[in-house]
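There are 2 protein chains.
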Amino acid sequence: MRDASPQGIYKVQALDRAFAVLDLLGESDTPLGLAQVASSLQLHKSTAHRFLMVLERHHMVERTSSGKFRLGLRLFDFGNRAIEQYDLRERAQPHLRRLVAETEETAHLCILEQARVIYIDKIEPARSVRMITRIGSSNPVHCTSVGKAILAFLPEDRIEEVIRRTRFERFTHRTIANAEALRAEIEKTHRRGYAVDDEELEEGLRCIAVPLLDAQRQPVAAVSVSGPSFRVTAQKLPSIANHLLHCVRGIAHDMGYTSSSRGSRAAWTA
Amino acid sequence: MRDASPQGIYKVQALDRAFAVLDLLGESDTPLGLAQVASSLQLHKSTAHRFLMVLERHHMVERTSSGKFRLGLRLFDFGNRAIEQYDLRERAQPHLRRLVAETEETAHLCILEQARVIYIDKIEPARSVRMITRIGSSNPVHCTSVGKAILAFLPEDRIEEVIRRTRFERFTHRTIANAEALRAEIEKTHRRGYAVDDEELEEGLRCIAVPLLDAQRQPVAAVSVSGPSFRVTAQKLPSIANHLLHCVRGIAHDMGYTSSSRGSRAAWTA
DNA sequence: ACGCATATCTCATATTTTGAGAGACTGTCT
DNA sequence: AGACAGTCTCTCAAAATATGAGATATGCGT
Chain A
3 MRDASPQGIY
13 KVQALDRAFA
23 VLDLLGESDT
33 PLGLAQVASS
43 LQLHKSTAHR
53 FLMVLERHHM
63 VERTSSGKFR
73 LGLRLFDFGN
83 RAIEQYDLRE
93 RAQPHLRRLV
103 AETEETAHLC
113 ILEQARVIYI
123 DKIEPARSVR
133 MITRIGSSNP
143 VHCTSVGKAI
153 LAFLPEDRIE
163 EVIRRTRFER
173 FTHRTIANAE
183 ALRAEIEKTH
193 RRGYAVDDEE
203 LEEGLRCIAV
213 PLLDAQRQPV
223 AAVSVSGPSF
233 RVTAQKLPSI
243 ANHLLHCVRG
253 IAHDMGYTSS
263 SRGSRAAWTA
Chain B
3 MRDASPQGIY
13 KVQALDRAFA
23 VLDLLGESDT
33 PLGLAQVASS
43 LQLHKSTAHR
53 FLMVLERHHM
63 VERTSSGKFR
73 LGLRLFDFGN
83 RAIEQYDLRE
93 RAQPHLRRLV
103 AETEETAHLC
113 ILEQARVIYI
123 DKIEPARSVR
133 MITRIGSSNP
143 VHCTSVGKAI
153 LAFLPEDRIE
163 EVIRRTRFER
173 FTHRTIANAE
183 ALRAEIEKTH
193 RRGYAVDDEE
203 LEEGLRCIAV
213 PLLDAQRQPV
223 AAVSVSGPSF
233 RVTAQKLPSI
243 ANHLLHCVRG
253 IAHDMGYTSS
263 SRGSRAAWTA
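Protein chains in written order, with this note's numbering: chain A, 3 to 272; chain B, 3 to 272.
It is possible that some hints are incorrect.
Since the list gives no way to pick out one identical chain from another, each pair is judged satisfied if it fits inside one copy or across any two copies.
[As the list claims (entries may be wrong)] Simulated crosslink set (EDC-like; lysine to aspartate or glutamate; CA at most 16 Å straight-line):
(1) Lys13 - Glu29
(2) Lys190 - Glu115
(3) Lys190 - Asp200
(4) Lys13 - Glu58
(5) Lys190 - Glu171
(6) Lys190 - Asp216
(7) Lys238 - Asp200
(8) Lys70 - Glu58
(9) Lys238 - Glu104
(10) Lys47 - Glu171
(11) Lys124 - Glu92
The set of hints was computed from the structure by calculation and includes no laboratory data.
Produce the complete structure using the sequences and hints provided.
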């Protein structure tokens, strides 16, 4: 739905429908009955039923005791396999834990997928206000520190590509509203070495992020620290940034991104 | 494949095939090319190609730079949504962290799905031998402490149902080999209050688990501590069990399983 | 006990998927 | 260089597949 493939489009109706069902169940925070699924998706009862039965056989959905449907645990399995192939998450976790211990605020690990950032992991300090982010969910780049952190270290053409695909949705009155402003912010971020989201996604929430660069000095992810603005004050930013830099340095090391400063393959892009 | 549905079977070939593709990619720890997928699944090139294109459009698979396919991040999103509906995981995490800090061994959180236990979460101590468990993966009940812990507190008929569906696969020479032995072990576990897996799944690995009981005193999950046998010694078991009990008590409290000792609805099952 | 709403199931129809094969690449060997 | 061996893309007629109208069954509320 999101992207109209440039070339000829391949269709398998059954798959589109099945994923629509999963989507629907994933969106809904309460299990849905057959009838609800069928009508929401404009499928006929029998069709919806057949799909749900097949999905259930594969444990992609499961039924509550009341006979309603919700997402199944097979998806959880698949999801973990999917993320494992990146294996960034596992290696990063100890470093994130330390970061949280040091800053006592929530840490996030994100990667850039298409033109959005996906939350790969989240670590919360012992006692804190629960953050609403769900691991696996995504946000646009223009309103997140992680998005800006990654963007700022991407090559020019990739930056422009991402910007072009960004809709500049507004979340608060501080949300960056256009490509121009974003470019300026990116520029600033690059110079400073860390990115800041000053209540641009959510009122009262301030985040700060730094990118994780691979051996070719390309950003593959970003780590952020987020907390209420009254705790994450402007004065603290440099100190937090230091913790962040230390953290990503550790991750980079564990990932084998030997920053043996034989860099400068930077110009090469693709 | 795993379960022959009792009643009439519903089929949607396309879905079975699509999931077979995802399965294949999930099993493989290296991305696969079109040809490999096609031949592994006995699909014709064009068919496999079409499926992969559609799956890619849905971000269920993605292509590496070399054009090979691997699982996509949409699955990660779905997986997290699926697990969120249980929300046990999030609430349990702080307690598991404490448990790991106390015992300095790996902690697992599992639930029973059908006749197997699924790993919902894993917390590892700062420095330890990496355990091979993948979150989201599953194991049979007969060779895991978590399996036995849950089983031991299930009503008789559920126990028998699970046992009936267990294949008693052998993993080490200590693996419980038949229903009889498992029943005895269950009995023992119930009396003792905690379950032990003494190198029954893996040579040199000892685990100990206790169940998490809901308001109706039904087991909904189990928490375990696992470590090398030379560290997790027989002498330490009672002490670890205490930490475990403390941990699940905390989780139960957070989940609102007010154990207001107005229990004894135990006889009621369904 | 009745009726409404929901789920389950069957089967002939035609829509949708299928797969053979031809084309377009890519890189590898001689 | 040239040609081979391996990929991946794409088209289209054939047919097997999924479809959905509707009939049946189940269950819930009053």
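(message) Are any of the numbered hints broken by this structure? If so, which, sorted upward?
(response) Hints 1, 2, 5, 6 and 10 are the ones this structure does not satisfy, whereas the remaining hints hold.
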